[in-house]
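Going down the list, the sequences are from chains A and B. For the first sequence, the numbering used here gives the first residue as 25, with consecutive numbering after it. For the second sequence, the numbering used here gives the first residue as 49, with consecutive numbering after it.
What the hints contain is simulated information worked out from the structure, not anything from laboratory work. A virtual CB, placed ideally from N, CA and C, is assigned to each residue, including glycine. Treat the hints with care, as some may be off.
What the hints assert, rightly or not - Residues of chain A placed beyond 12 Å of chain B at every Cβ, according to the derived structure:
id, residue
1, Arg62
2, Thr67
3, Lys74
4, Gly77
5, Arg86
6, Ala88
7, Gln94
What the hints assert, rightly or not - Each pair of labels, with its calculated beta carbon distance range:
id, chain 1, residue 1, chain 2, residue 2, range
8, A, Pro57, B, Glu169, 50 to 56 Å
9, A, Thr174, B, Gln174, 31 to 37 Å
10, A, Thr174, B, Arg98, 31 to 37 Å
11, A, Thr198, B, Met49, 44 to 50 Å
To be verified - Calculated lysine to aspartate or glutamate pairs in the EDC-like style (CA-CA distance at most 20 Å, straight line):
id, chain 1, residue 1, chain 2, residue 2
12, B, Lys450, B, Glu401
13, A, Lys109, B, Glu401
14, B, Lys135, A, Asp106
15, B, Lys441, B, Asp396
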Amino acid sequence: MNIFKRDASLHEFSWENLGDVKEGRGDLGEEMPVIVYRLMQYTMLDILTKDFGADKANEYFRRAGFLAGQEFAKNLLDLTVDLDKFLANLQDSLKEQKIGILRMEAFDADTGNMVLTVGQDLDCSGLPITNETVCNYDEGFIAGILGAYTGKDYDVKEVDCWANGDRVCRFNGTVVS
Amino acid sequence: MYLRDLLYYPNRAKLDYRALPEDFQELGEGLVYFGEMLTEMRRLARDISRGDLNCPLPSSDNELAASLKSLHATLKHLTWQAQQVAKGDYNQHVNFMGEFADAFNEMVSQLRERRDNLTDEMKEIQRKTNDLARSNSLFETITSMMTEWIVMIDRETGEHLFANHPVKNDLASDLFEPQLYNILFDYAKEMGEEDEPVTEEFSLLSDFAIQWFSVILYPVKWYGHNAVAAVLTDITDEKEQLQELEKVAYKDMLTGAYNRHFGMKLLNEWISQKRHFVISFVDMDRLKYVNDVFGHAEGDQYILKVAELLSQFSPDAQVVRLGGDEFMVLASDYTLEEADRKLEELRDELVKEEYVSGGGDIRYKRSLSYGNVEVKEDNETSSGDLLSTADEKMYEYKKSHKAERRDEAG
Numbered sequence: 025m026n027i028f029k030r031d032a033s034l035h036e037f038s039w040e041n042l043g044d045v046k047e048g049r050g051d052l053g054e055e056m057p058v059i060v061y062r063l064m065q066y067t068m069l070d071i072l073t074k075d076f077g078a079d080k081a082n083e084y085f086r087r088a089g090f091l092a093g094q095e096f097a098k099n100l101l102d103l104t105v106d107l108d109k110f111l112a113n114l115q116d117s118l119k120e121q122k123i124g125i126l127r128m129e130a131f132d133a134d135t136g137n138m139v140l141t142v143g144q145d146l147d148c149s150g151l152p153i154t155n156e157t158v159c160n161y162d163e164g165f166i167a168g169i170l171g172a173y174t175g176k177d178y179d180v181k182e183v184d185c186w187a188n189g190d191r192v193c194r195f196n197g198t199v200v201s
Numbered sequence: 049m050y051l052r053d054l055l056y057y058p059n060r061a062k063l064d065y066r067a068l069p070e071d072f073q074e075l076g077e078g079l080v081y082f083g084e085m086l087t088e089m090r091r092l093a094r095d096i097s098r099g100d101l102n103c104p105l106p107s108s109d110n111e112l113a114a115s116l117k118s119l120h121a122t123l124k125h126l127t128w129q130a131q132q133v134a135k136g137d138y139n140q141h142v143n144f145m146g147e148f149a150d151a152f153n154e155m156v157s158q159l160r161e162r163r164d165n166l167t168d169e170m171k172e173i174q175r176k177t178n179d180l181a182r183s184n185s186l187f188e189t190i191t192s193m194m195t196e197w198i199v200m201i202d203r204e205t206g207e208h209l210f211a212n213h214p215v216k217n218d219l220a221s222d223l224f225e226p227q228l229y230n231i232l233f234d235y236a237k238e239m240g241e242e243d244e245p246v247t248e249e250f251s252l253l254s255d256f257a258i259q260w261f262s263v264i265l266y267p268v269k270w271y272g273h274n275a276v277a278a279v280l281t282d283i284t285d286e287k288e289q290l291q292e293l294e295k296v297a298y299k300d301m302l303t304g305a306y307n308r309h310f311g312m313k314l315l316n317e318w319i320s321q322k323r324h325f326v327i328s329f330v331d332m333d334r335l336k337y338v339n340d341v342f343g344h345a346e347g348d349q350y351i352l353k354v355a356e357l358l359s360q361f362s363p364d365a366q367v368v369r370l371g372g373d374e375f376m377v378l379a380s381d382y383t384l385e386e387a388d389r390k391l392e393e394l395r396d397e398l399v400k401e402e403y404v405s406g407g408g409d410i411r412y413k414r415s416l417s418y419g420n421v422e423v424k425e426d427n428e429t430s431s432g433d434l435l436s437t438a439d440e441k442m443y444e445y446k447k448s449h450k451a452e453r454r455d456e457a458g
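Here chain A stands alone, though its shape is the one from the complex:
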């Protein structure tokens, strides 16, 4: 047994396991085409759907998105600032990371519930029209971020999703605890 190898497994997520991309991809750099990201995402959805059914596959995507949202918030966002500042930072950060353009539509200070849209979404903008809502990963991702900041459990649902060249998705975030 190689005693110099770390005990950690890539099967258990940690931010460190994302590795040093800059170092590892000296020539190719830290970015790649969105199509490659979607290739991995939708082939995985295909396999999971075939093995476990669409509902279960969507559930896995939502949970993965939630974990990603939490880690994103903890590692890339300042969770100590006030809500307005946090949302402004989140907007900037999502744009900077080319995840999408976040736009707040409403926030209820009493309940914590909110409505927001994500335009030019990494996961779905430009997808062909189907009768499905496909942003399950986004739902989990947003819930993970809001949960990490507020300490509350958010149920985030995509309530509208439409396609043209600039697909926009609208999400309702509701505090469930």
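We have chain A already, so just place chain B on it with the hints.
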């Protein structure tokens, strides 16, 4: 017809595609679906044009309405951004919608700039306020610790502007407060704007009390007032102590008249001031006899009586006991004749009564002799010589009245 109605009369557009020949039913179904999409889009366009952003939205499948839905989402987000700006979040930035974005961003930028300027101004004002509060606190602490009063009055109107202590509480009489302010106002009126501070002493008087003050008056500009700051010190105790010392140093303990030392000092002052006055040298007759026969207590009564009588010479006259049975009176603006007449009147008053000593039944007469010298403004004679002349005249007077005394009992 259906397409025409759909475009121009949407309320009556109706197509029963099942009634169509079978080959056209699918086309008909597609047209009805297209009509529904168009209706949804129309409704959304109408709601947006009315400003109703909480309207129902077309379905996800409605590709026709996608741009309108995008506009709707944009307007909703702009509403949110405007609300955030209204709350003071000037980090909101619109990076879409062309010229509108430029105008919005410029507006937010200007608001931020104004907010920042106002914040800076507020900080500056706060800093000044804090400095002022500290200065004021220091001022109040110092002024409250001061035993002096600081009183500020308007030199044009006499308005009371400031007092570090409630002046009324420390005044010896209720009548003094208006007196005090009147005196300060009189001083203030006399001061020029560029005048150096002025020091004065004054007293407040009533039938029952007297209070002395020294005051330093500073001309100041204060909150738009042409004012005078008066720093007042109550010197009543010092004045009383001084008066007590003067009494001991300058006065004859028995009679309260001035003593010889002070009398000569006063005489020299009057001479050097070139004043016009009369020196009266007064000698009590037969004091030694009274002391020997009736005792010194009776002699003292005699001395007191003469001192009291001489004090009636005139309100301004200064009575000096030179020693033993000798007095000197200095009377300003008297002629020789007036002084002779006055002293003769006083002497008459003294001699008209008979006196009985406390213990016995022997009666005796009291009287006095005097000699007056008038001193004029051009006098060149020394005080000693003037007094000697008055003494000689008194002696002449005494000799000329010797027979009179011999006739008296005792």
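Cross-check of the supplied hints:
| no. | hint | verdict |
| --- | --- | --- |
| 1 | Arg62 | 19 Å, holds |
| 2 | Thr67 | 24 Å, holds |
| 3 | Lys74 | 25 Å, holds |
| 4 | Gly77 | 22 Å, holds |
| 5 | Arg86 | 19 Å, holds |
| 6 | Ala88 | 23 Å, holds |
| 7 | Gln94 | 25 Å, holds |
| 8 | A/Pro57 - B/Glu169: 50 to 56 Å | 52 Å, holds |
| 9 | A/Thr174 - B/Gln174: 31 to 37 Å | 34 Å, holds |
| 10 | A/Thr174 - B/Arg98: 31 to 37 Å | 35 Å, holds |
| 11 | A/Thr198 - B/Met49: 44 to 50 Å | 47 Å, holds |
| 12 | B/Lys450 - B/Glu401 | 18 Å, holds |
| 13 | A/Lys109 - B/Glu401 | 111 Å, violated |
| 14 | B/Lys135 - A/Asp106 | 13 Å, holds |
| 15 | B/Lys441 - B/Asp396 | 19 Å, holds |
Hint compliance for this structure: hint 13 is the single one not met.
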